Every structure is written in C-alpha cells, then in structure tokens.
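K.L.:
Letter by letter, the chains look like this.
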Amino acid sequence: MRRAPRPGSAARRLPVAIGLAAGLAALALMTALTLARAQQPIQPLVADLSKHLVAITTAFSGTDVLLFGATDGPGDVVLVVRGPSTRKVVRKKAPVAGIIWANRDSVTFENVPAFYQVFASRPPDEILPASVLSRHQIGTEHLAFTLVDRSVTDSFVPGFRAALVRLKQKLGLYGDRVFPVTLLANRLFRAELHFPANVPTGSYSVEVYLIRDGDVVSAEITPLIISKIGVGAEIFDFAQQRPALYGLAAIVVAIVTGWLAAVALQRK
Amino acid sequence: MQIYLPIAEMSVNVFVILGMGWGIGFLSGAFGVGGGFLMTPMLMFLGVPPAVAVGTGANQIVASSVTGVIAHTRRGNVDFKMGGVLLVGGLVGSTAGVWLFAVLHRLGQIDLAISLSYVVFLGVVGGLMFVESLQAMVRVHRRGSQRRNGAGRHNWIHGLPFKMRFRKSKLYISALLPAAVGFFVGVLTAIMGVGGGFVMVPAMIYLLGMPTQIVVGTSLFQIIFVTANTTFLQATLNQTVDVVLALLLLLGAVVGAQAGAQAGARLKSEQLRVLLALLVLGMGVKLAYDLVATPEDVFTLVLEAA
Numbered sequence: 001m002r003r004a005p006r007p008g009s010a011a012r013r014l015p016v017a018i019g020l021a022a023g024l025a026a027l028a029l030m031t032a033l034t035l036a037r038a039q040q041p042i043q044p045l046v047a048d049l050s051k052h053l054v055a056i057t058t059a060f061s062g063t064d065v066l067l068f069g070a071t072d073g074p075g076d077v078v079l080v081v082r083g084p085s086t087r088k089v090v091r092k093k094a095p096v097a098g099i100i101w102a103n104r105d106s107v108t109f110e111n112v113p114a115f116y117q118v119f120a121s122r123p124p125d126e127i128l129p130a131s132v133l134s135r136h137q138i139g140t141e142h143l144a145f146t147l148v149d150r151s152v153t154d155s156f157v158p159g160f161r162a163a164l165v166r167l168k169q170k171l172g173l174y175g176d177r178v179f180p181v182t183l184l185a186n187r188l189f190r191a192e193l194h195f196p197a198n199v200p201t202g203s204y205s206v207e208v209y210l211i212r213d214g215d216v217v218s219a220e221i222t223p224l225i226i227s228k229i230g231v232g233a234e235i236f237d238f239a240q241q242r243p244a245l246y247g248l249a250a251i252v253v254a255i256v257t258g259w260l261a262a263v264a265l266q267r268k
Numbered sequence: 001m002q003i004y005l006p007i008a009e010m011s012v013n014v015f016v017i018l019g020m021g022w023g024i025g026f027l028s029g030a031f032g033v034g035g036g037f038l039m040t041p042m043l044m045f046l047g048v049p050p051a052v053a054v055g056t057g058a059n060q061i062v063a064s065s066v067t068g069v070i071a072h073t074r075r076g077n078v079d080f081k082m083g084g085v086l087l088v089g090g091l092v093g094s095t096a097g098v099w100l101f102a103v104l105h106r107l108g109q110i111d112l113a114i115s116l117s118y119v120v121f122l123g124v125v126g127g128l129m130f131v132e133s134l135q136a137m138v139r140v141h142r143r144g145s146q147r148r149n150g151a152g153r154h155n156w157i158h159g160l161p162f163k164m165r166f167r168k169s170k171l172y173i174s175a176l177l178p179a180a181v182g183f184f185v186g187v188l189t190a191i192m193g194v195g196g197g198f199v200m201v202p203a204m205i206y207l208l209g210m211p212t213q214i215v216v217g218t219s220l221f222q223i224i225f226v227t228a229n230t231t232f233l234q235a236t237l238n239q240t241v242d243v244v245l246a247l248l249l250l251l252g253a254v255v256g257a258q259a260g261a262q263a264g265a266r267l268k269s270e271q272l273r274v275l276l277a278l279l280v281l282g283m284g285v286k287l288a289y290d291l292v293a294t295p296e297d298v299f300t301l302v303l304e305a306a
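Taken in order, these protein sequences are the chains called X and U. Heads up: the first sequence runs through residues 1 to 268, numbered per full-length UniProt numbering. Heads up: the second sequence runs through residues 1 to 306, numbered per full-length UniProt numbering.
Because the hints were derived from the structure by calculation, they are not lab data. Possibly wrong hints are sitting among the right ones.
To be verified - Below 16 Å or equal to it, Euclidean Cα-Cα: the simulated EDC-like pairs (lysine to aspartate or glutamate) are:
1. X/93 / U/111
2. X/92 / U/297
3. X/170 / U/297
4. X/92 / U/111
5. X/93 / U/290
6. X/88 / X/105
7. U/286 / U/296
These numbers were taken from a predicted model, which means no experiment stands behind them.
For reference, chain X alone in the conformation it holds in the complex (with noise of 0.2 Å):
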C-alpha cells in the first residue's frame, strides 16, 4: 500500500483514476498509522535474547546467550543481568581456643542475587552519576542487600558485604568487571551473556538501559527462564517432593548395583 498517486496522464484516464483512488486510500493509512504512533511513540530502545529458555540437561556445561537490539540514535548501552533474589549468609572464622578455626560470626543479607552479571559499550561510572548507578543498582557496589541478620555490630557489616560479593565472583556468578557492549553504527548493539556451569536456577531478568548525557533515557527489562530439563530435573522434583520415596528408591538401586557387581565379580 506504499504506492503514490502517479502524475496524471491524458492518454490514460482509467489508471488516473485507479491510482487517485489508490492515493487516497494510502494516504487514509498513513494518517491512521501516523494517528497510532501518536499514540505509541516510537521506542528509543529494542532487545531481545536469542533465547529465553536456558535449558540445564545432564550434559550442560555453560551456555552463551546472545542479546541484541536497537537504539534509535546515539547513546551508550548498559545491561544488567540480574538472577532469582536469595538470602545469604556470610560467616566468618576466627581461632577458637588459640589455635582451631572455626565460624564465628555471620551476617545475613537478603536480596542477594543468585547471579549478577553487567555489561557496558563504556565503563559505567564514567558516563552515569552515582546516584543513577545506584538507582538502578548498576555494578556490585551499587547492589541493594538488605541486611536481616547480624552476630557484628554495623561497622564490620561492610566487610561481610564485601567478602558475599567476592565469594560470588570467585564462583564465577558475579562478574567481577564489565563486560564488553559492542556497538554497531551507534544504531545496534550486541553482547554475549555467558553462563557458567554453576548457575543457579530460576528466572532472571535482563535490564537494558540506553544512557545519554549521563542519564537513563530508556530501559527495557527482557526475561530469561533457566531452569532443569528432563532427567536432572525429574530427579531433582522426585528428592524435593517425594523425600522418603527417594531415600528408598537411591537405597534400593545401591543395593541392587552392590548385588550386580558381585554377581560380575564372581564370574570373573
């Protein structure tokens, strides 16, 4: 319906008319797309996820999950992996007694994301102020704990939020610096979410957040499902759910292993 009205022509009067009529038929969807968009401004920001399922079958060992989008115009792009909200607890050793080591203290925090993940076209904290990193909860530091628990008193809490996130970087679900944005023609933008081995289940959220001149101009929150498939997760929902059952089931089946490797051993 793209197609305009032709100059008229005096050899040819029926197509004038066919095509005056097909003008303005144009023209009344335009007026009616253009009234839609008024409506419906234009998005100043668009991602997706190559998938929104991350699959976690006996064999998984890490994935890659590609996000892409488009901006329209201009502009650094910030994304924010976020996983499922866990209370955690930090303990801390000291010597007892002089010598053994053993947990002393413990600090719980909740709102812990069970991963965390940010990625930037250019390093956050030099194109956004604080007060919007922390807004938006953007980098490790800027992270919302909430603290429900404490065996210290406040002015060693600092530490015990310093060592949960740095014992998550060292299982690989936090990052422990930025990852790489990869912008196209300040029109598209790229990155490539990586997931380790270890990531734990649930449903995640990826922000995209599109900065200019040091302020968030437009956010889209795009989900993601990680979850067990087939025979992990069967077994899992069988420990979880039927607890006794399963004990019996993991007893019977060593048992008649145990049986079948004698029966193997004595053959030989």
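Mind docking chain U on chain X? Use the hints.
P.N.:
Relative to the frame of chain X, chain U by itself:
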C-alpha cells in the same frame, strides 16, 4: 565429558568422578575398608557441597558394602549375630547422628564438626594401626609367627551384663559392648558420610577381640544397614543424596575393587596395614593442618532457604 549433577547442582567431569570411584574401589579391594573417609573430603575438594558429599557417600557405601558382604558370605566370614547386635546400636546411632548433623548445620558448625571428627579419628586409628602393624612386622621378622588378637583377655569389659554367645566370633561377651560400638560408629557415619569401617574394624579387633578374618565381612554387613538408614534420613531431612553422583562413583569403584584385590593379594597383611595406616594418618594430618593453618579466606558463604 561433563555431566550435570541434579542434587549437587553443579557440572562435573565424568572421568574425574569415575577415577575417584576407581581409587576408592582400589583401596577397598586392597585394604577391606569402604574408603568413605577419603571420598567425602575428595568430593568436597571438587566443590560438591559438604552436605551432598556426606549424603551421597553413604548411598555409595550401601552398594559397595553389599558387594563386599556377598563375597565374604561365600567364604563364610560373616558373623550375622554379631552384625545384628552392632546393627541395633548402629541404627540408633545413625539416627542420632543425622539429627546432630541437622543441628550443627543450622549452627553453621557442620564443617568444623566434620573436619574435627576426621582429624580425631583418622589420627587415632591411623596412629594405632601404624604402631600395631610395625610391631607385627618386627615380630614376624623375628619369630615368623602371626600376631595373636585380643580374644581371651579378661578385664572389666567381661563384667558387663546381658552376656551373649557369638559362636562364629568365638566370643562370650556382653551385648552392650558391640551395641555401644555400633552406636558410636553410627553417629560417625551420619556426620562424616563414611561407613565407619576404619573405626569399626579396629574396634572389633582390639576392643571386642573378634578374629580378624570375621571382622571385615561382619563390619560390612552392619554397614549396609547403617548407611542405608543414613541415606534414607539424609534424603528425607536434608535432600542431599545425589543418585547420579553415587552411581558414577560406583561404576568406577566396581572396576577399581578388582585391581585393588589383585594388588592386595601380592602384599603381606602387615605391609597392607602399614600402608593403610600411612594413608589414614596422611589424610588426618592434612585435615588437621587445614584446621590450624590460617585459612586462605576467613569468610564463607551459605545459602539459606528464604
């Protein structure tokens, strides 16, 4: 080749686990112990959560003990009556142990409890075994005679009530004694994820005075039930039994046990005991060092169900 363990929630290399199973099978074939005391720390070293390492270890030992008992029964080396009495104590003990495990887990001291029990028992058992087997070697060297076990000794132990006759073990002792040994080993089984063979075998030889050839089969017989009970309780209370991991370990262990039995047959029993003692002591020293040395990281992270 990686495989994802559904309960441990981590991915491991299949060949590493099979190799570990093989090594443990080799030890049990050569020395007549379950090898759980090595497996649990090794699994933890791989990054398997301690609770899963313990629960899964117990499940794997059920299978290897079944294999062992069948082999020993064929040779008539199992005292089922003695095993039954040990078992009564063992079941009570492992139930108490799983409960204790849950309490320590909540207090955040389970890692310390596991490590401390290991250090104490590996040290004591390894030390005793080392000294005893060295003496035996010296004695064999001098006189060429076998060491006599403790049967027939008389002390306060023989004054206890509920005397019972154990024909196969050639013993007439109070049933309380094997029941207490069983209870004690049962607690250890639950906390340490071991069959307790390395504690049970010396206790049966030196404390109860059972003939050595009956000891291994009888200890394995009761270990089947104690570890089965532990598996069941860990599965129901803590959901920490990973059957995929247990099966992989087992596959390796079956093959390893054969190689171990062949290697064991080439060595004298004193030499075997010295080697086992060194192994046990070595593990104990390593764990003791870890407890005393300044940790690499004083902080640890624990997930708590919301």
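K.L.:
Compare the structure with each hint and give your call.
P.N.:
Taking the hints in turn, this is what the structure says about them:
1. X/93 / U/111: holds (11 Å)
2. X/92 / U/297: Distance of about 9 Å is within 16 Å: holds.
3. X/170 / U/297: Status holds; Cα separation ~11 Å.
4. X/92 / U/111: holds (13 Å)
5. X/93 / U/290: With a Cα-Cα distance of about 12 Å, the restraint between residue 93 of chain X and residue 290 of chain U holds, given a limit of 16 Å.
6. X/88 / X/105: holds (14 Å)
7. U/286 / U/296: Holds, because 15 Å separates the two Cα atoms, which is no more than 16 Å.
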